[in-house]
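Here the protein sequences line up with chains V and S, keeping their order.
Counting from 1, position 341 in the first sequence corresponds to residue 341 in the UniProt record's numbering; the numbering is continuous, with no gaps.
Counting from 1, position 91 in the second sequence corresponds to residue 91 in the UniProt record's numbering; the numbering is continuous, with no gaps.
Think of the hints as simulated: they come from the structure by calculation, not from any bench.
Be aware that one or more of the hints could be misleading.
So the derived list for chain V, only partly shown, Cβ under 7 Å to chain S, looks like this [claimed, not checked]:
#1 His182
#2 Val425
#3 Phe431
#4 Ile540
#5 Ser544
#6 Asp546
#7 Ser549
#8 Ala556
#9 Asn608
#10 Met612
#11 Leu640
#12 Glu643
#13 Ala651
Even for Gly, the Cβ is constructed at its ideal location relative to N, Cα and C.
The chain contents come next:
2 protein chains.
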Amino acid sequence: MARTNTTTTFATFNESAINQIVDYSAKQNGTGIFAHSLNQLRAETDALLQEPLDVPGQGEAGSYEHNKHKSNYELMDACAKLYLFDGSQQYRDTILSLLLAYAERYLDMPFHEQKNTNPPGRLFHQILNEHMWLCYASLAYNAIQDSLSEADQRTIEDRLFKPMIEMFTVLYGHDFDRIHNHGIWAVAAVGICAIVVGDKETVHKSIYGMAGDGETGGFLAQIAQLFSASGYYIEGPYYHRFAIRPLCFFAEAIHEHYPEVDIYNYKQQVVGRTIMALITTSNPDGTFPALNDSSRTMNIDDEGAKAAMSVYFARYGEDEKLTATVKSQGTVWLSPCSLALCKAVDAYQGEASVRWASVDLQEGDAGERGAQGFLRSKNPAKPVSQAIMAYGQHGMGHGHFDALGIILFADGHEYLREYGYGRWVNVETKFGGRYLDENKTWARQTIAHNTVTVDELCQNNFDHQLADTHFGRGHFFLTDGNIQAMSAFANEHYDGVKMQRSVLLLELDDFEQPLVLDLYKLDSDTEHQYDYAVHYKGQITNTSFDYTSSLTERKALGKANGYQHLLEKARGKTTDKTVVTWLQDQRFHSWVTSAEQGEVIFAQTGANDPSMNLRSEDCFILRQTGSKHLFAATYETHGLFDEGSERCFGAYGQVEAVTVLAHSDEASIVKVSYKAAGTLKALTVCVSNDETKDQNSSHSVSVGNETYSWTGYINTTITTEG
Amino acid sequence: MARTNTTTTFATFNESAINQIVDYSAKQNGTGIFAHSLNQLRAETDALLQEPLDVPGQGEAGSYEHNKHKSNYELMDACAKLYLFDGSQQYRDTILSLLLAYAERYLDMPFHEQKNTNPPGRLFHQILNEHMWLCYASLAYNAIQDSLSEADQRTIEDRLFKPMIEMFTVLYGHDFDRIHNHGIWAVAAVGICAIVVGDKETVHKSIYGMAGDGETGGFLAQIAQLFSASGYYIEGPYYHRFAIRPLCFFAEAIHEHYPEVDIYNYKQQVVGRTIMALITTSNPDGTFPALNDSSRTMNIDDEGAKAAMSVYFARYGEDEKLTATVKSQGTVWLSPCSLALCKAVDAYQGEASVRWASVDLQEGDAGERGAQGFLRSKNPAKPVSQAIMAYGQHGMGHGHFDALGIILFADGHEYLREYGYGRWVNVETKFGGRYLDENKTWARQTIAHNTVTVDELCQNNFDHQLADTHFGRGHFFLTDGNIQAMSAFANEHYDGVKMQRSVLLLELDDFEQPLVLDLYKLDSDTEHQYDYAVHYKGQITNTSFDYTSSLTERKALGKANGYQHLLEKARGKTTDKTVVTWLQDQRFHSWVTSAEQGEVIFAQTGANDPSMNLRSEDCFILRQTGSKHLFAATYETHGLFDEGSERCFGAYGQVEAVTVLAHSDEASIVKVSYKAAGTLKALTVCVSNDETKDQNSSHSVSVGNETYSWTGYINTTITTEG
């Protein structure tokens with residue numbers, strides 16, 4: 001049951017909403033998702049409460065002290081939820097003990113030494129963490145506030161919360177208005193704390209900025225400026241899910257206490273748009289794709305994502321895919337605003353697996369700065385295949401130089417892979433868990449991505465200020481029928497080289513799994529070296545060409561721009577019909593390409609890594625020289641290898657060859673030859689390369705005696721050859 | 001329901017037993033494990049039956065034809081079970097169609113070309129597969145036999161089964177008596193088929209051998225000679241679980257039709273002993289440890305292991321650990337002999353997780369040829385830690401040269417790891433799925449294991465005939481209390497170098513997870529290079545010493561004996577207190593050793609691998625030079641790294657140093673210094689090195705002014721140092 005000794009109203013929580021969700025949960029006899037989530041939190045928290053409380057001194061990132069201050073705010077947050085929804089006194093007492101201990105010590109702690117661009121706090125080495133601490137501590141204080149003596153309230157507010165507010169708005173006032181993911185934490189933490197301690201002036205600053213104009217700083221400016229028209233966040237999903245947590249916390253508090261702001265309708269419902277943009281970036285396995293600096297494991301179980309789904313459901317209406325997602329997660333964010341979602345989940349009888357639709361998340365205020373494109377297969381009887389292409393903005397300081405990079409996912413795993421960031425987050429013994437040098441020298445470099453590197457250089461010369469002024473331009477994004485496709489240009493990323501990439505996701509009856517066709521077109525007046533990279537995982541099982549292995553020694557492939565980290569394993573000359581097949585987990589993947597006079601280089605990360613910071617990962621590079629060039633390749637997922645049961649079949653794919661029939665400023669025409677049930681077939685694909693043409697334009701291209709005519713961006717035909 | 005149109009008795013199946021298990025299952029209203037297993041098989045089989053049947057011609061290992069002949073016998077087996085326990089006519093008809101198709105084609109197929117030492121069959125490239133085919137086909141035929149016309153029976157028996165029997169007992173008669181895991185398949189397949197077709201003479205040969213003496217060949221000789229006194233199988237668990245399948249099939253048939261053989265009491269119940277020996281080798285995650293040639297993924301879900309558990313339960317009595325194991329597996333072997341196990345599983349309310357006790361599986365007829373030792377932690381509140389040491393026999397042609405090699409497992413994963421075999425089983429594009437050259441040049445070599453390689457040579461000079469004459473000798477195996485220990489000698493594996501390894505598994509209150517102490521003693525009159533290898537997976541997070549990385553190129557570490565496959569990544573001089581910590585999945589592992597004047601070499605497989613056959617795996621080697629030397633090291637599992645939730649703690653272990661106080665022919669004395677709750681403590685361990693001493697012997701060793709006195713094999717004391 002909820003606590004009953006309520007004497008005053010809450011500052012941030014709506015008491016009636018709390019009672020509603022507690023009543024609803026009770027009516028489910030403890031079998032609903034809310035009760036399940038609460039029970040799980042109670043079990044975890046009660047285990048933690050077996051240990052004595054500790055408020056330590058200061059320590060480095062990753063140290064005991066750092067971790068303890070973090071776990072203390074997590075513990076206060078857990079106790080606040082348990083006290084609000086369960087009412088047991090021990091949780092209140094725990095919060096009070098911790099807050100009094102912090103109030104006693106806080107002002108005696110000196111500031112940390114500044115270690116990065118983030119100003120130092122007293123508890124933590126950077127104020128970002130101190131903001132997070134304040135946000136949770138304020139919410140926890142608010143949960144027990146009305147039960148406290150006047151003296152305890154004074155102690156906590158005067159010696160802890162008010163000094164923190166002052167630090168953030170005065171000492172670090174110059175930083176308070178910065179539009180950035182850290183900035184959302186700053187205004188949310190300070191704003192929530194100010195609501196709790198009744199400091200209306202500071203609340204106003206937190207919402208409207210120091211200048212009070214709602215444009216140069218504060219929450220409204222943050223959410224107006226950080227997100228694109230589609231809701232996509234420029235730094236990518238990893239930082240998006242981190243920013244969305246304080247966004248939801250503060251939006252809920254504003255909704256409750258400053259309804260006149262009408263926060264959920266602000267700027268054409270940007271809160272709702274950005275929530276859905278985040279969730280729809282998630283991979284079929286629930287992880288977020290590692291676009292820009294990112295771990296490979298962050299997923300929709302993150303608190304920010306969970307809070308976002310509850311808020312969306314409560315404030316923007318029901319969504320069956322969110323219901324299914326939360327149902328499969330099994331737990332819900334413990335907030336009164338989760339009531340609608342809990343009811344839907346408890347009543348849900350549909351499929352647990354969620355298939356998000358294809359989506360191009362456009363960037364820029366009006367969608368004018370390219371997009372992140374996501375194609376997803378539709379056949380509900382088969383696992384989701386997904387192709388992501390990055391043709392939007394660079395992503396500021398966390399941006400990777402990966403324009404036109406693709407990531408492919410099929411049958412439960414990412415098989416054309418992103419390395420992610422060069423960082424062991426929170427691992428004390430890996431540079432305190434911070435970004436490592438190798439993040440710059442490898443992870444953010446163009447060659448570390450599934451795109452084309454020109455002349456062994458990095459896009460935009462690894463200049464992120466320059467890169468932030470450049471972006472891709474979408475050409476088409478087609479999602480009708482069983483052949484989906486996207487195409488985009490990136491003409492400003494390499495001097496004198498225009499690039500266009502077109503990716504088709506084909507759900508053909510002839511193939512067990514969707515087939516991906518990739519056309520990467522380069523256009524320059526002068527000759528360049530073009531390196532088409534395939535970052536894979538697993539074991540090479542066959543190639544169509546001979547290669548020479550680096551038997552007794554492996555050398556670094558280059559000296560800079562990421563190449564200095566690659567060790568050459570083997571190298572071979574390609575013929576026109578080039579195949580590489582590899583085995584990742586239980587599936588074979590075949591890459592088939594047309595590659596006359598090319599060279600395939602097999603490589604592995606590990607060179608110039610003096611502190612063993614890099615993961616050991618494999619790739620191969622198709623190197624070709626030319627001015628106007630088209631890379632045309634298929635990616636086929638096939639067969640099965642189940643070592644445990646020793647079953648294996650389908651080690652060869654069906655695609656036999658990919659042939660470039662023509663490529664020009666107008667169009668590319670490519671033939672994919674494949675076998676199906678003993679028959680040789682040909683898939684001919686025509687793709688428009690002309691920016692000025694649209695879905696109504698007619699094309700006619702002659703190749704030898706044959707003329708290919710079609711209307712629209714693409715055309716595909718399948719013929720039987722024998 | 002079971003089929004009801006029974007007109008004759010079965011040859012191998014007991015009709016009353018079938019009815020009993022069907023009746024029992026019906027009484028459970030379809031909720032029991034038998035019904036669940038049958039339903040699962042039915043769903044899988046019905047899906048397969050949507051495709052047309054096909055009996056193709058001949059093909060290579062891994063080819064469509066090869067796989068189809070295999071899947072055809074699996075399909076017949078599934079149909080036989082469904083027909084017996086379910087009665088539906090379509091399953092009978094499928095078996096009949098397939099058998100008639102095979103009968104029509106079989107004799108027209110020429111023999112394959114011989115590719116290895118195994119003679120070729122008509123369906124498959126080696127008769128092992130043909131035996132397996134015959135075994136399942138005979139059982140399937142038997143299930144429908146009484147429903148067939150006389151003409152169909154004649155066709156199938158005269159054109160298929162009898163010619164196969166003749167092939168195996170006449171054409172390949174010279175091979176029929178070979179004592180080998182393939183030999184069990186031969187006698188079981190032929191014996192079962194002979195029972196089914198009523199050929200008593202061949203049944204006799206299958207049980208008692210061609211000579212009829214029960215000693216030079218046949219099933220009795222096989223099971224008498226293949227298994228050690230403990231039931232351990234010389235080739236290791238991977239081949240053991242493969243041999244135990246026909247063993248169980250034929251034992252059940254003999255039990256039914258030749259009760260006078262009293263098969264389950266034969267040779268002091270060797271069948272029961274060998275079943276339990278197999279199951280008790282399994283890792284805490286159900287996989288079998290990769291001792292000798294083996295995949296790393298084979299596990300107790302294998303049909304042989306499942307059949308074995310049912311047979312044990314039916315013929316040797318109930319066992320709660322088997323009940324729990326099968327409960328957690330969720331399915332049971334579909335055989336009438338599973339009745340007792342099904343009843344126990346359906347009634348079972350206990351823990352699903354199984355903790356096997358520590359066991360040393362002695363080798364040789366009287367346990368005189370060493371053992372495979374398994375120490376397992378006991379604390380039921382914590383995940384199982386396990387230490388395996390190989391100090392038994394070599395293992396014939398599949399043996400690895402790994403005497404005194406250890407494998408460590410903690411908290412859900414193997415962290416001191418076996419490479420397993422050099423093979424991609426059944427992958428057509430990897431040498432037809434057969435053993436690769438790298439199995440010899442890497443996987444079986446001493447340096448590929450967690451043991452000490454002397455002078456960069458392989459034990460027994462990679463001569464398996466020689467190695468089969470050598471074996472380890474157990475010194476002690478202690479499982480009482482919270483400190484378990486094993487020690488063994490291997491004095492014949494390197495000329496002039498005697499070796500002893502002692503491994504302690506310590507469950508101390510001061511540590512979150514069990515601690516492993518490893519003492520590897522080498523004794524020679526002349527100086528040698530001793531390479532102590534640690535095969536790990538994951539990322540190095542810290543070392544106590546500086547190292548120099550191979551920055552721009554990595555070279556092969558040697559020219560032969562496996563060293564030619566290792567690329568050097570880095571190298572550093574060690575001090576007395578040497579620590580290496582690595583992160584595997586969510587756990588840190590620290591190796592702390594005393595290593596004055598040593599060198600640690602970090603290396604990775606990949607050199608001299610022209611066809612990319614090797615997996616890329618990491619190790620480090622502590623290299624020291626000496627004549628009489630003791631390697632003393634602890635392995636500590638600690639902390640947590642959960643990247644998804646970005647939580648990390650405990651990146652440093654508690655052990656600070658390992659110091660060798662003394663080592664001699666009599667004893668080794670080692671001090672482990674560690675921190676616990678802010679206190680520095682010392683664990684002092686004394687271990688007897690004298691083969692002539694036992695648990696009642698007194699020891700007294702002076703070190704400086706201190707005298708260590710104890711009785712028995714080991715002594716441990718913990719003192720507080722400050």
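Evaluation of the provided hints:
1. His182: violated, 16 Å
2. Val425: Hint on valine 425 of chain V: holds, closest Cβ of chain S at ~5 Å, below 7 Å.
3. Phe431: violated, 11 Å
4. Ile540: holds, 5 Å
5. Ser544: violated, 11 Å
6. Asp546: violated, 10 Å
7. Ser549: holds, 5 Å
8. Ala556: holds, 5 Å
9. Asn608: It holds, given that the least Cβ distance between asparagine 608 of chain V and chain S is near 5 Å, below 7 Å.
10. Met612: Check passed: Cβ of methionine 612 of chain V comes within 5 Å of chain S, closer than 7 Å.
11. Leu640: violated, 10 Å
12. Glu643: holds, 4 Å
13. Ala651: Nearest chain S Cβ about 5 Å off; hint holds.
The structure does not agree with the numbered hints 1, 3, 5, 6, 11 stated previously, though it agrees with the rest.
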